[in-house]
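S.K.: Residues per chain are reported as follows:
There are 2 protein chains.
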Amino acid sequence: MNTDLNQMIDSIALEGRKAALELQSISAQKITEALQIMAKLLENEADNLKIENRKDLDSAKEKGLSSAMIDRLTLSDKAIKAMINGLNEVAQLKSPVGTHFDERIRPNGTRIYKMRVPIGVVGIIYESRPNVTIDAAAICLKSHNAVILRGGSEAIHSNMALASLFSKAILQAGLPKNAVQIISTTDRKAIELLLTKNDYIDLIIPRGGEGLIRMVTEKSHIPVIKHYNGICHIYVAADADMKKAVPVIINSKVQRPGTCNAIETLLLDVNLPQQSKLLIIEQLLDKGVTLFADPQTTKLSASIKEATEESWRTEYLDLRLSVRTVDGLQQAIDHINTYGSHHTDSILTESKQNAEIFLKMVDSASVMVNASTRLADGGEYGMGCEIGISTEKLHARGPMGVEDLTTYKWIVEGEGQIRT
Amino acid sequence: MNTDLNQMIDSIALEGRKAALELQSISAQKITEALQIMAKLLENEADNLKIENRKDLDSAKEKGLSSAMIDRLTLSDKAIKAMINGLNEVAQLKSPVGTHFDERIRPNGTRIYKMRVPIGVVGIIYESRPNVTIDAAAICLKSHNAVILRGGSEAIHSNMALASLFSKAILQAGLPKNAVQIISTTDRKAIELLLTKNDYIDLIIPRGGEGLIRMVTEKSHIPVIKHYNGICHIYVAADADMKKAVPVIINSKVQRPGTCNAIETLLLDVNLPQQSKLLIIEQLLDKGVTLFADPQTTKLSASIKEATEESWRTEYLDLRLSVRTVDGLQQAIDHINTYGSHHTDSILTESKQNAEIFLKMVDSASVMVNASTRLADGGEYGMGCEIGISTEKLHARGPMGVEDLTTYKWIVEGEGQIRT
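The listed protein sequences derive, respectively, from chains V and S.
Each residue of the first sequence is one higher than the one before, counting from 1 in the working numbering.
Each residue of the second sequence is one higher than the one before, counting from 1 in the working numbering.
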């Protein structure tokens, strides 16, 4: 019954709100402890976890899921070890909650500043990877937020087992028991209902494929921070230094092509020397990259295939790459702003002026000069961890860390001041 | 035809996006000039404006609109003067766009920092006050954003006249011609269509009644920053100093009761001395405030009416006030977090410890100690202006100024660094 389901989701949302209010006065130390206890529990309960995970894997095979999906679903020793390390790393991070900033004393004598506070209740809606249950919950909790998790139906046994361990850790550390909750039904209606609970839930983070993210964006009454696709570019200016350019291009495409910060399109300046172009093309082909290019560029090698208009909008996520020759910096910028996904884009140039224009005019979360797009990452940026890479413009843009899961309130300290 | 309307809105959204990209490289000086030219135009064209405004006023009277609504709709000399002053003030503010912050040098030698940039395209959906056309457009433009305005149908002639002056000012200053656009149709469908243009529009700010804001929140595929209602509280602790308390309470309720930062509920600590309670009640009654209280509090005066559960959730916006006796600090905090609108709440106390707990535990955009809630305002906080008071937790909370209409991008400057 939908009424029952609505009551269930309503109650989860309300309990989340209550836990969030309690979490405001919980010491940072207790949260650190909860994360460390959780790491220990994962180590001790690895065998039981694998039993639950096996149920998901068996039904995945029955349903004929792809080997890539089964791979993402598997809680191997390596995957469990990565979750344990993640928990211990997040536990060690400094909590930003409670710090003061932007202080000013006003002419009437009031002292006004911003206090960093948790956002409140965060809903995470994700697909097959069960490790998100741990990683996302840990980062949210570290910033004193209550979390409501809703994983994919194909990982339900694994997710329930992980969430039940988290509940144990939370109770042992003395945190409010509903600080981490999981939605136990796989009914898709539950997501739609969750997205209407804007009185209790403050933020929704969807993690998964385009379909999920589009659905969440369209149905949510709650603010959403999307981690969308990455159609990332490198533009090689005419004056690029090939000693830097070749390794950066190869790294950006080949090091881990399935990630959102790998490049999908390479823009070559028309005035780049012919031998530099040939060197880049040769190196890419040599690494097994299939190239799709505009007519001008296909002439460089018989192995290059023809691109279509659709190529410039394609996120391959594998060893394929679109290549286009552009008529200078402005055309490169126009191409990126038109076809890109505003994620991460890099210019390779020795000209400070070119770099400055590119940095200013490319409308993306991360804009780079002479660096691999693969560096767009919370760890590489010095955040210690990340909950994902936001393609949103509001609140948090690019790699999102613990501080991005906080907000602020204005504090006004007076001695009886009134408005005149 | 809906197809025509959709094409119209699509074209406005796309032109907004193009203007936004151009505005990224426009000098701050040119924007300042546009605002100053607009101030001059308002002065010179005041008579023509009033002719257009008269058309709106005539049809408002025909339709039998309330005198309060007609008042809000009127472009009097005073209202025009206020717009001119507002424009000149915003013009003088420092532009935050282009500044760098959060810089770090990473172990691999990359220099990483955030660059403050405009949000892009901002849609403002508002109701009867035509001055919003100018105030909102000015603040958006100051932060290098393109603006799309959609005012109420009852102010259509005034809004069109104001927007056409803005277009003149923009052209004279050399800004992209679609930096400020207005939707000329009063068809309500236009709003719904606008809210689906998430490929072009980055932010929607609704300003108006609860119905409008609810509709926008539910239908928008674009992030929304709401300026919702203000159910603001003062909690008078047992140890409050009456010399500060009485003026602060009176100011918070009486100075301008129609604003969102006026108090709607007063919480009196059960241990506040009887004569202090009587003094507060007497002063409020003396100023013409009608009081609605719980049974315990109604005993203080024969003039106090009985409150209902609904009273605690009511935003009166006039000289009425709910009063409740609470059993200590924790109950005050619980009341505020349960019934309030997370806007602005103040504690009156001489205890540092009480104040600290209140500041930490009250989950509102502005939390105050010994100060009038009426101080929750961009001007009072030192921002020079405000586009409104956000009741959102994400991106911008409380009074929103020019900087809150910007975002950032990550800049990574390398010398060939790759990910290992």
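One or more of the hints may lead you astray.
[What the hints assert, rightly or not] Distance ranges between label pairs, derived from CB positions:
(1) V:P247 x S:T186: 55 to 63 Å
(2) V:Q331 x S:A46: 41 to 49 Å
(3) V:Q275 x S:K30: 38 to 46 Å
(4) V:G98 x S:G328: 48 to 56 Å
[Claimed, not checked] Derived BS3-like pairs (lysine-lysine); straight-line CA-CA distance at most 30 Å:
(5) S:K114 x V:K94
(6) S:K244 x V:K177
(7) V:K189 x S:K50
(8) V:K114 x S:K81
(9) V:K352 x S:K360
(10) V:K63 x V:K18
(11) V:K243 x V:K299
(12) V:K18 x S:K18
(13) S:K61 x V:K219
(14) V:K18 x S:K219
(15) S:K352 x V:K18
(16) S:K40 x S:K63
(17) V:K360 x S:K18
(18) V:K219 x S:K244
(19) V:K352 x S:K94
(20) V:K360 x S:K114
(21) V:K219 x S:K94
[To be verified] Okay, the calculated bits of chain S under chain V, using three or more residues with CB under 8 Å as the criterion:
(22) 40 to 51
(23) 167 to 176
(24) 299 to 305
None of these hints come from the bench; they were simulated from the model.
Bear in mind the structure is a predicted one, so any value in this text is a computation, not a measurement.
Just so it is clear, CB atoms sit at the ideal spot from N, CA and C, and this is done for glycine as well.
S.K.: Now, for every hint given, state plainly whether the structure supports it.
M.R.: Hint check results:
{"no.": "1", "hint": "V:P247 x S:T186: 55 to 63 Å", "result": "holds (59 Å)"}
{"no.": "2", "hint": "V:Q331 x S:A46: 41 to 49 Å", "result": "holds (46 Å)"}
{"no.": "3", "hint": "V:Q275 x S:K30: 38 to 46 Å", "result": "holds (43 Å)"}
{"no.": "4", "hint": "V:G98 x S:G328: 48 to 56 Å", "result": "violated (23 Å)"}
{"no.": "5", "hint": "S:K114 x V:K94", "result": "holds (21 Å)"}
{"no.": "6", "hint": "S:K244 x V:K177", "result": "violated (41 Å)"}
{"no.": "7", "hint": "V:K189 x S:K50", "result": "violated (53 Å)"}
{"no.": "8", "hint": "V:K114 x S:K81", "result": "violated (33 Å)"}
{"no.": "9", "hint": "V:K352 x S:K360", "result": "violated (47 Å)"}
{"no.": "10", "hint": "V:K63 x V:K18", "result": "violated (39 Å)"}
{"no.": "11", "hint": "V:K243 x V:K299", "result": "holds (24 Å)"}
{"no.": "12", "hint": "V:K18 x S:K18", "result": "violated (45 Å)"}
{"no.": "13", "hint": "S:K61 x V:K219", "result": "violated (40 Å)"}
{"no.": "14", "hint": "V:K18 x S:K219", "result": "holds (28 Å)"}
{"no.": "15", "hint": "S:K352 x V:K18", "result": "holds (26 Å)"}
{"no.": "16", "hint": "S:K40 x S:K63", "result": "violated (34 Å)"}
{"no.": "17", "hint": "V:K360 x S:K18", "result": "holds (15 Å)"}
{"no.": "18", "hint": "V:K219 x S:K244", "result": "violated (48 Å)"}
{"no.": "19", "hint": "V:K352 x S:K94", "result": "holds (26 Å)"}
{"no.": "20", "hint": "V:K360 x S:K114", "result": "holds (12 Å)"}
{"no.": "21", "hint": "V:K219 x S:K94", "result": "violated (39 Å)"}
{"no.": "22", "hint": "40 to 51", "result": "violated (count 0)"}
{"no.": "23", "hint": "167 to 176", "result": "violated (count 0)"}
{"no.": "24", "hint": "299 to 305", "result": "violated (count 0)"}
Checked against the numbered hints above, the structure breaks hints 4, 6, 7, 8, 9, 10, 12, 13, 16, 18, 21, 22, 23 and 24 and satisfies the rest.
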